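Novice: Each chain, written out:
2 protein chains.
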Amino acid sequence: MAGKDDDVKVLGVVVSPFAIRVRIALNIKGVSYEYVEEDIFNKSELLLTSNPVHKKVPVLIHGGKPISESLVIVQYVDEVWAAAPSVLPADPYDRAVARFWAAYIDNNMFPGMAGVLFATTEEERAAKAEETLAALAQLEKAFAECAGGKAFFGGDTIGYVDLALGSNLHWFEALRRLFGVALLDAGKTPLLAAWAERFVEAEAAKGVVPDAAVAVELGKKLQARAAAASTAA
Amino acid sequence: MAGKDDDVKVLGVVVSPFAIRVRIALNIKGVSYEYVEEDIFNKSELLLTSNPVHKKVPVLIHGGKPISESLVIVQYVDEVWAAAPSVLPADPYDRAVARFWAAYIDNNMFPGMAGVLFATTEEERAAKAEETLAALAQLEKAFAECAGGKAFFGGDTIGYVDLALGSNLHWFEALRRLFGVALLDAGKTPLLAAWAERFVEAEAAKGVVPDAAVAVELGKKLQARAAAASTAA
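Chains as they are written, first to last, in UniProt numbering: chain F, 1 to 233; chain U, 1 to 233.
Careful: at least some of the hints might be erroneous.
Identical copies carry no separate label here, and so any pair may be met within one copy or between two of them.
Stated by the list, open to error - Capping the alpha-carbon separation at 25 Å, the derived lysine to any residue pairs in SDA-like fashion look like this:
#1 Lys-56 <-> Pro-111
#2 Lys-43 <-> Ala-134
#3 Lys-9 <-> Phe-100
#4 Lys-55 <-> Gly-115
#5 Lys-188 <-> Asn-51
#6 Lys-65 <-> Asn-107
#7 Lys-56 <-> Glu-145
#8 Lys-141 <-> Glu-45
#9 Lys-55 <-> Glu-145
Calculated from the structure, these hints are not laboratory results.
Please read these numbers as outputs of a predicted model, since none were measured by experiment.
Next up, chain F with everything else stripped away, as it sits in the complex (with noise of 0.2 Å):
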């Protein structure tokens, strides 16, 4: 299993959140990689192998090394390429803040969301959109205070915590599409709507965040498996 030093490979899943952050990581960083994408349904043994503990991508193989967990990957990344551009800022407060930003949106926006694709009533449907609401709310304040009138949380460019919230955008307007929820919603959180629009269009951001037409059938496909489990429990 042992390869070369420059061999970067990623095992993904093309609307991944997880996914998505470690290669906009790679791409802010210059470094080239291969892309492997896992069909969920049906995992490689290769992705079994490298992330026997989770069994999930995002998995960075570097020269045969396997790494899981995709905050743990972005910040080796940003080790590893020391020289490229950074990605958690230099000072350690303003470290310690971007990881608490990262690890909030992990465990508090992220489920909320989640819970938005996976409710099976209406009312918990509109439970989750109010949680994730919430938490959007808190990230409108972080990202006064963080990006201090810049375009990015991490400054003049895409840094930590727009990798762990960037990701999960095209997933905002999938679950608009599919339910009618307005997540991200420019009335209620200005600054992160105006900022959606420039992660985007980012250069390191640029095919990799898909289009939401494809968490869409993703999103109808991982519901109907979720409905069809819990009508048979």
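Once you've looked at the hints, dock chain U against the given chain F.
Specialist: For chain U alone, coordinates are given in the frame of chain F:
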């Protein structure tokens, strides 16, 4: 609120694994700090204003600036007092492995352990104990790989993963006393059982990891509250 740069304060709860790891990290670094015990049933104004998002311990206040989320704090401590013994390894791949397992402890081991305390039926308690044991079996394998025959996950001294897991040890013992559930079992996870004895004896951990009796007392209170809340619901 601005303070001197060498002003270090920790808001904690004596049995909180998350606060304990922060205190041990500061001890490893030889940093003097003021410890403020919080009452989780009546949180201080300082806690509420220092961590307005989560309103939880631990908070590290350094030179007047608050930092929340235990693993974020531990990394901050490691970066600010960089000249003192390291908590995270130096090599990016080893750092990624350490971050992976620390996240695993918080996301996969801790919820099971907490579930043993808060279970409302014996069936549920047994299921949560099984879940915790499965996570500890993974960590037993991780220990063999990370420590490579040395005393700790971090090698010869306590590191990031040691802090993440070792800060829970008094709860394992408390749950044994409360429910007869053996989570850290020398028969099942002999490496971890021996490691635990070394951990609590390490200089940096002494006086920080509390006696299990304190966790037993708080455990009874928390359980009674949860039961009352579930009856009222």
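Novice: Could you place Lys-55 and Glu-145 in one of the four classes (within, between, both, neither) given a Cα distance threshold of 25 Å?
Specialist: Between copies only: 19 Å across, 37 Å inside.
Novice: Reference check for the pair Lys-188 and Asn-51, CA-CA at most 25 Å: within, between, both, or neither?
Specialist: Classified as between: cross-chain Cα gap 23 Å, same-chain 39 Å, threshold 25 Å.
Novice: Tell me, please, which holds for Lys-9 and Phe-100 at an alpha-carbon limit of 25 Å: within, between, both or neither?
Specialist: Between copies only: 19 Å across, 28 Å inside.
Novice: Are the CA atoms of Lys-141 and Glu-45 at most 25 Å apart within a copy, between copies, both, or neither?
Specialist: between (43 Å within a copy, 21 Å between copies)
Novice: Are the CA atoms of Lys-55 and Gly-115 at most 25 Å apart within a copy, between copies, both, or neither?
Specialist: Both: 21 Å inside a copy, 24 Å across copies.
Novice: What label fits Lys-56 with Pro-111 when the C-alpha limit is 25 Å: within, between, both, or neither?
Specialist: Classified as both: same-chain Cα gap 17 Å, cross-chain 19 Å, threshold 25 Å.
Novice: From the Cα coordinates, with 25 Å as the cut-off, is the pair Lys-65 and Asn-107 best called within, between, both, or neither?
Specialist: Intra 27 Å, inter 23 Å, cutoff 25 Å: inter-copy only.
Novice: At most 25 Å between alpha carbons: which applies to Lys-56 and Glu-145, within, between, both or neither?
Specialist: between (33 Å within a copy, 21 Å between copies)
Novice: Within a copy, between copies, both or neither: where do Lys-43 and Ala-134 come within 25 Å Cα-Cα?
Specialist: between (34 Å within a copy, 22 Å between copies)
When held up to the earlier numbered hints, the structure conflicts with none and fits them all.
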